[in-house]
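Assemble the complex: chain A is given as a structure, and chain B must be docked to it using the hints.
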Amino acid sequence: MIERHTFRAMGTDVEAFVDGDPAAFSLVEDEFQRLEQIMSRFRPDSELSRLNRERTLDASPDLLRVVELALAARERTRGRFDPTVHDALVAAGYDRSFDAVEPNAPGAAVHTPPCGGGVTVHDGVIALDDGVNLDLGGIGKGYAAERAAELLATAGPCLVNAGGDIALRGDATWPVGVETADGVVTLALERGGLATSGRDRRRWKRGGEERHHLVDPRTGLPSDSDLLRVTVVADDAVEAEVLAKALFLAGSDEAARTDAPAVLVTECGETILTGALR
Amino acid sequence: MTDTRHLTRLYVFAITLLVFFVTWAVVAAHPWATKPTSYSQAAALQQRIQLQTQIVRRLQSAKPSPNVSAAPRIVTLPPLTITRTS
Numbered sequence: 001m002i003e004r005h006t007f008r009a010m011g012t013d014v015e016a017f018v019d020g021d022p023a024a025f026s027l028v029e030d031e032f033q034r035l036e037q038i039m040s041r042f043r044p045d046s047e048l049s050r051l052n053r054e055r056t057l058d059a060s061p062d063l064l065r066v067v068e069l070a071l072a073a074r075e076r077t078r079g080r081f082d083p084t085v086h087d088a089l090v091a092a093g094y095d096r097s098f099d100a101v102e103p104n105a106p107g108a109a110v111h112t113p114p115c116g117g118g119v120t121v122h123d124g125v126i127a128l129d130d131g132v133n134l135d136l137g138g139i140g141k142g143y144a145a146e147r148a149a150e151l152l153a154t155a156g157p158c159l160v161n162a163g164g165d166i167a168l169r170g171d172a173t174w175p176v177g178v179e180t181a182d183g184v185v186t187l188a189l190e191r192g193g194l195a196t197s198g199r200d201r202r203r204w205k206r207g208g209e210e211r212h213h214l215v216d217p218r219t220g221l222p223s224d225s226d227l228l229r230v231t232v233v234a235d236d237a238v239e240a241e242v243l244a245k246a247l248f249l250a251g252s253d254e255a256a257r258t259d260a261p262a263v264l265v266t267e268c269g270e271t272i273l274t275g276a277l278r
Numbered sequence: 001m002t003d004t005r006h007l008t009r010l011y012v013f014a015i016t017l018l019v020f021f022v023t024w025a026v027v028a029a030h031p032w033a034t035k036p037t038s039y040s041q042a043a044a045l046q047q048r049i050q051l052q053t054q055i056v057r058r059l060q061s062a063k064p065s066p067n068v069s070a071a072p073r074i075v076t077l078p079p080l081t082i083t084r085t086s
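Top line first, the protein sequences correspond to chains A and B.
The first sequence begins at 1 in my numbering and counts up one residue at a time.
The second sequence begins at 1 in my numbering and counts up one residue at a time.
There may be inaccurate statements among the hints.
[Said to hold, decoys possible] Here's a subset of chain A near chain B, in silico, CB distances under 8 Å, partners left out:
| id | residue |
| --- | --- |
| 1 | Thr12 |
| 2 | Leu151 |
| 3 | Ala155 |
| 4 | Leu159 |
| 5 | Leu189 |
Bear in mind the hints are in silico, worked out from the structure with no lab data behind them.
Using N, Cα and C, we set each Cβ at its ideal position, and we do this for glycine too.
Chain A with its partners taken away, still in its complex shape (with noise of 0.2 Å):
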């Protein structure tokens, strides 16, 4: 039998389904409890805003795991994910968790700091260049879905759902609900990953211009693309949290001709079903 569990971690809602002992559930909101005082930028003693602060830190092997990611998707991507995202964002208004963002207050207009410094990770240090600092809010969700979900399947086959980042273990299929333009799309899943981006929830106004926190580091400006939400199935969570923001960024046009099975909804309410979902 199926059991789950909710919990809300890294401001966010988390659900995990296990097919079989529920009390494994305990160890998924310790692992999220732990990666969140590790990857907050919010909380002034996470080992991330000691990094931010101190600029150069002998990480614990998490937090260089994850650096280490997202350095190598902003490669892959060719900057168009990118950590270092961080005062970009708090120059857009997004400054603090955002159950604490003001909806709508007056600003000025964004001023717009530099995105794609320097940042090297030698020997476990961590060092950032001057004027950097890093936001790891584009890959921390579903790196923490992939640890939570290998240590829930010591329980049985599992599957981890960390706002819309999820890790799958086990031998199972797994019906997922897609929003679509129009609807929900159910997509069975086996293995790998899956998550979604888009500019349809985490969204403000300042000065009465609309924000939201998908910020294009090419521009250090919250990305006008055409697409409102970008839905992609890849090998693990993260590698589709890194897919479903590259593919935002780059806009309907580019994005339906990807392989990756992803689904795209545009701003003026079409769905693009992409790459085996065609």
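Relative to chain A, chain B alone:
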């Protein structure tokens, strides 16, 4: 006279022995089936290697690579969970 007959017998015996060994050596050498044997052995070995290669390839293609996700498919089942923009 007796000595001559004895010597003749010895010659006949020696020649018979020589003929026997020469015949035996010729028969043992299989002069009528030399090269075709080694050629057919090589061909059989090559065929066996090809067969084994085919089997390995078939097994490799049947075994999913851990880095390649299974192709998702659209189904008409109700979803267990829904992915939304976080």
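Checked hints:
no.: 1; hint: Thr12; result: 5 Å, holds
no.: 2; hint: Leu151; result: 18 Å, violated
no.: 3; hint: Ala155; result: 17 Å, violated
no.: 4; hint: Leu159; result: 7 Å, holds
no.: 5; hint: Leu189; result: 5 Å, holds
Checked against the numbered hints listed earlier, the structure breaks hints 2 and 3; every other hint is satisfied.
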